[in-house]
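Asker: Protein sequences, first through last, are from chains A and B. Quick note on numbering: the first sequence equals residues 1 to 241 in this note's numbering. Quick note on numbering: the second sequence equals residues 242 to 643 in this note's numbering.
You can take every hint at face value.
Have a look at the derived ranges for each label pair, beta carbon to beta carbon:
| # | chain 1 | residue 1 | chain 2 | residue 2 | range |
| --- | --- | --- | --- | --- | --- |
| 1 | B | Leu258 | A | Ala123 | 25 to 33 Å |
| 2 | B | Met259 | A | Thr19 | 42 to 50 Å |
| 3 | B | Leu603 | A | Ala149 | 49 to 57 Å |
| 4 | A | Gly179 | B | Leu258 | 30 to 38 Å |
| 5 | B | Leu622 | A | Gln80 | 32 to 40 Å |
| 6 | B | Leu541 | A | Gly179 | 29 to 37 Å |
| 7 | A | Asn180 | B | Val626 | 29 to 37 Å |
| 8 | A | Lys184 | B | Leu266 | 39 to 47 Å |
| 9 | B | Leu266 | A | Ala149 | 21 to 29 Å |
| 10 | B | Val542 | A | Thr19 | 31 to 39 Å |
Calculated from the structure, these hints are not laboratory results. Owing to the predicted nature of the structure, the values given are computational and were not obtained by experimental measurement. Every residue, glycine too, gets a C-beta built ideally from N, C-alpha and C.
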Amino acid sequence: MAVAELGAPLIELRAITKTYGEGQAAFQALRGVDLQIAQGEFVAVMGPSGSGKSTAMNLLGCLDTPTTGEYLFRGIHVEQLDRNQRALLRRNCLGFVFQGFNLLARTSAQENVELPLLYRGEAADVRHAQARAALDKVGLAGWEHHTPAELSGGQQQRVAIARAIVTNPLVLLADEPTGNLDSKRSHEIMELLSRLNGEQDITVIMVTHEPDMAAYARRIVHFVDGLVASDERPGATEACC
Amino acid sequence: MLLNALLLALREIRRNLMRSFLTVLGIVIGVAAVITMVTLGNGATQMVANQIASLGSNLLMVMPGQRLGPGRDSAGAPKFKSADVEAIQQQINGLKVVAPVVGSSVTLVAGTQNWSSTVNGTTNDYLIAGNWKLAAGRLFSDDEERAGKAVCIIGNTVKRELFGNQSPLGNSIRVKTFDCEVIGLLAAKGQGGMGQDQDDTALMPLRTVQRRLTGTLDIGMIMVSLKDTTDSAGVMTQLRSLLRERRKLADNVDDNFNVMDTKQIAETLSGTIGTMTALLGAVAAVSLLVGGIGIMNIMLVSVTERTREIGIRLAIGALENEVLLQFLIEAVVLSAFGGLVGVALAFVACLGLSSLMHMPFLFNPGINLTAFGFSAAIGVLFGYVPARRAAQLDPIAALRHE
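Full structure from sequences and hints, please.
Answerer: Structure below.
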């Protein structure tokens, strides 16, 4: 992978559109989105349902391709990559956290966290050590051998976060990570994400519709009708004064 | 990559024991049912073939009266005499033996046991013609045959009913008004081709039966055993013309006797066996198909259920091929394991059932291979194709799948 010139943003969307369906039934979910995200940012993506925020998230996560426009990830044109190349990009540079946790059932926390390492071809002892370390980071040391059914929602989301960060990704993409959790657990998860963003220098991009949760981010991007309506940095004013 | 996929596949199988068990069970039942059915069918066919062989080959049976059937009159036809037997022996070439038979249904009594059976008056040649062997004792002596002594050789069923497990030799059986010494025991032949018990019989010298039981010099049937090289059709023609001449039948009169060829009976029964084999083949094909559909269903359901899992794997960076390889290995391992267990189960079942039904156990490699191969192929195909469909989905679509 060619590394982009110094100072270039980690992620850059240029005039991205995404259309679902064809002809009369066509629906334009994104209508020309420009967005730049730098290494180490903590971005919250907000907006009403149907505003295109989830579509944008899927594009950023290389799970989907734009209809038109350019997506540069560290200077690489993602829109030109094929399925397998995008899978490799996900494997090496991205981590995912979903609203519904999406852990493998009947599979211990340890094995769930080891899964991405397995696809990277790591040896067994490396997998075990890294998975333990990741579970330790999310505060689940001692829960390695519990299956999702034996864990609370908050704990399951922690396992999912451990699985996302076990490969030391550049970017952690979280799609409504607190959507299925109560308020107390939600704040715990947000604190964990903030800490990972601060301590590990992982870029965090998170979709949420709860202002409480968005408040943990240092930048909030609002989507309305498939366009970026506002792009705020709440902390920036304090920093300048 | 292969090692990783193998590890993932085995882990998934172990983790989902219930699902794996059901998949394997479907294949086991499919394979075992087909193999068992065909193997038992083969055994039954073999058993019937053995029974036909026990009839004795190249045997003609000459009986007075017209061929059996509706509208035929057999009552008035004259019986044969000893002279007819001698004439056949002297004038027709290519014969092994000619045995006269006079049958009589009587009640046999020994001690407190009694048993209704058929006594056949005949000569020692009867054993050769009928493919009988002596299990114990001896044949009739010339003296006994000439004088019509009260001696008998009994079949296995008669021995069992009258003497149980004891040796009958030297004991006497009461037949009507006289006592008869048992001098021999026939080796058991079992069920005949028509389902009758061939061992329910007793043999006496021809003259003994004629004098003491039937009271005439008539002969009920003549058994003509041909040499292996003799053409039975030629002998039949000669027999017919000889007997017509001896019975002084005019050219425009039907035979008042008939000649039955056991070879013909055997051929008729062989045709029946052919039909049976074809029927078994059809049943096997249908069960194989039904078993295959069962395997297909369980594979389709289990893979469709796992679309979400495939989505998760794709999202965290698994390549399409890696996911596919894992599912392929899972399907191969489960199908092959199920197939092997099915073959083993069928082997045990066939062994048990064939000994229970007194049938020969014939291991048939062809059906074992076919059933195994077909079921394994269906298992792999229907484990793989839906997985491929799922792996080609967008990860998001697969993740949303409920």
